[in-house]
Amino acid sequence: MAEVQVKDDGGKGGKVRSKKQNTRVDMTPMVDLGFLLITFFMFTTTFSKPNVMDLGLPAKPKPDAPKPEPTEIKLSNSISIIIGKDNKIFYHQEDQAGLNDQTLVETNFDREGIRKVIEQAKARAADKEKFTVIIKPTDDAVYKNFVDILDEMAVTGNERYGVTDIKSWEEAIYKKKVGQ
Amino acid sequence: MARIKPKRHGVVTDMTAMCDVAFLLLTFFILTTQFKKPDVEQIKPPSSISEKLLPDASLMTINVTPAGLFYFQPVENSSERIKLLDNMAAKYRLPAFTNQEKVAFTKVQAVGVPMGQLKSYLNLPEDKQKAFKATEGIPMDSTNKQLIDWVQQSLAVNPDYKLAIKGDVTTKYPKVKGLFEGLRDIDFLKFWLITSQEKSN
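The listed protein sequences derive, respectively, from chains X and V. Heads up: the first sequence begins at 1 in my numbering, then just goes up one per residue. Heads up: the second sequence begins at 1 in my numbering, then just goes up one per residue.
In short, the hints are calculated from the structure, not lab data. Just to be clear, a hint being listed does not mean it is correct.
[What the hints assert, rightly or not] Capping the alpha-carbon separation at 30 Å, the derived lysine-lysine pairs in DSS-like fashion look like this:
1. Lys85/X / Lys176/X
2. Lys62/X / Lys133/V
3. Lys133/V / Lys85/X
4. Lys88/X / Lys177/V
[Stated by the list, open to error] Here are some, though not all, of the chain X residues that point toward chain V, as calculated from beta-carbon distances under 10 Å:
5. Val31
6. Leu37
7. Thr44
8. Val52
9. Gln93
10. Glu94
11. Gln96
12. Leu99
13. Val142
14. Asn145
15. Glu159
16. Val163
Just so you know, these numbers come straight off a predicted model, no measurement behind them. Backbone N, C-alpha and C define an ideal beta-carbon position, used for all residues, glycine too.
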């Protein structure tokens with residue numbers, strides 16, 4: 001190792017013998033530096049890649065194509081989720097006649113909130129294979145809410161979901177609830 | 001009789017092997033690292049439980065800022081970028097771009113100006129381009145779908161391109177919806193939403 005060689009000067013002034021030089025070099029600082037750089041590069045590689053979420057949109061129906069049979073989804077076999085402003089979220093399982101202030105229920109994005117609602121609705125559904133979640137973001141919603149709901153679909157393992165515009169009768173109740 | 005003094009040893013380890021390993025790893029990481037380019041604007045993507053990583057495939061990115069402005073980030077490949085620029089110029093009947101502007105276009109991080117202003121943007125010096133903050137972004141509404149044209153023309157150059165959309169947490173949904181509808185119009189239905197990692201709960 002590269003130690004400091006203290007010249008021994010004391011005592012007899014005999015023949016100065018050239019001391020055998022040690023050829024070993026202290027590698028500790030080099031190793032330190034090496035590991036420092038490794039750490040740096042490791043962190044930069046791991047964090048530079050963002051995660052992604054798949055999204056497939058339904059194709060727009062061609063104007064000349066024949067109209068497909070309208071798919072009937074039973075109300076009890078589906079749940080409509082309305083994403084409102086200020087991270088508010090509402091759900092219902094009603095049609096136009098049945099929807100009112102009481103049946104449009106507010107919940108939140110927590111684990112105990114919307115996830116439970118979806119799971120319970122799925123458990124109640126008659127045909128669990130075809131249980132459908134209809135996502136209706138209002139114009140007040142932010143992008144985060146939308147991604148959160150899609151994420152919730154992934155968490156609850158719901159393959160069947162659709163994103164659509166809010167119906168005017170739903171919007172009326174929603175507006176009433178948020179007080180507009 | 002002189003007593004034999006035990007030779008004093010310092011606690012010395014041979015670091016050569018460790019050093020070798022360290023630098024081997026270092027070389028590996030240096031060679032595999034791809035540095036993240038500085039973002040045009042601060043965008044905080046929403047979190048999701050998805051663990052899928054953004055693939056390396058030729059990727060174009062649409063950035064949506066919190067204010068709802070759109071930036072389009074074309075693919076990295078220079079020659080294909082130039083083709084894309086030519087296509088866009090032809091589509092908007094703009095005078096052809098000079099070679100200098102084309103070179104500038106291969107270097108831009110993201111486009112955040114309408115087609116009409118692209119020429120003057122490309123003629124800005126490089127440092128000014130970096131500091132440039134879009135005031136209107138790429139137009140994307142029902143009458144002027146330049147953003148969709150960028151995507152469409154990119155796909156015309158190479159249909160294998162993939163699209164990723166990076167939106168901010170606070171981006172208004174109608175902006176994103178408009179973009180989705182536009183993508184449906186050109187029948188481009190599969191893309192990725194960039195999210196950040198969240199712990200599954």
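How the hints compare with the structure:
With a C-alpha separation of about 13 Å, the suggested pairing of Lys85/X with Lys176/X holds against the 30 Å cut-off. Using a Cα cut-off of 30 Å, the hinted pair Lys62/X and Lys133/V is violated, with the two alpha carbons roughly 39 Å apart. Taken as a hint, the Lys133/V and Lys85/X pair is honoured in the structure, with Cα atoms around 28 Å apart against an allowance of 30 Å. Taken as a hint, the Lys88/X and Lys177/V pair is honoured in the structure, with Cα atoms around 19 Å apart against an allowance of 30 Å.
Because the smallest distance between the Cβ of Val31/X and any Cβ of chain V comes to about 5 Å, under 10 Å, the interface hint for this residue holds. Among the interface hints, the one on Leu37/X holds; its C-beta lies about 5 Å from the nearest C-beta in chain V, closer than the 10 Å criterion. Given hint, Thr44/X at the interface with chain V, holds; its Cβ is 6 Å from that chain's nearest Cβ, closer than 10 Å. Taking 10 Å as the C-beta cut-off, the interface hint given for Val52/X holds, the closest approach to chain V being about 4 Å.
Taking 10 Å as the C-beta cut-off, the interface hint given for Gln93/X is violated, the closest approach to chain V being about 23 Å. Taken as an interface hint, Glu94/X does not check out: its beta carbon lies about 23 Å from the nearest beta carbon of chain V, beyond 10 Å. For Gln96/X, the interface hint is violated, since its Cβ never comes within 10 Å of a Cβ in chain V; the closest pair sits about 23 Å apart. Taking 10 Å as the C-beta cut-off, the interface hint given for Leu99/X is violated, the closest approach to chain V being about 22 Å.
For Val142/X, the suggested interface contact is upheld, since its CB lies about 6 Å from the closest CB of chain V, less than 10 Å. Look at Asn145/X: its Cβ gets to within about 7 Å of chain V, closer than 10 Å, so that hint holds up. Taken as an interface hint, Glu159/X does not check out: its beta carbon lies about 15 Å from the nearest beta carbon of chain V, beyond 10 Å. The beta carbon of Val163/X is positioned within 10 Å of a beta carbon in chain V (closest approach about 8 Å), and the interface hint is therefore held.
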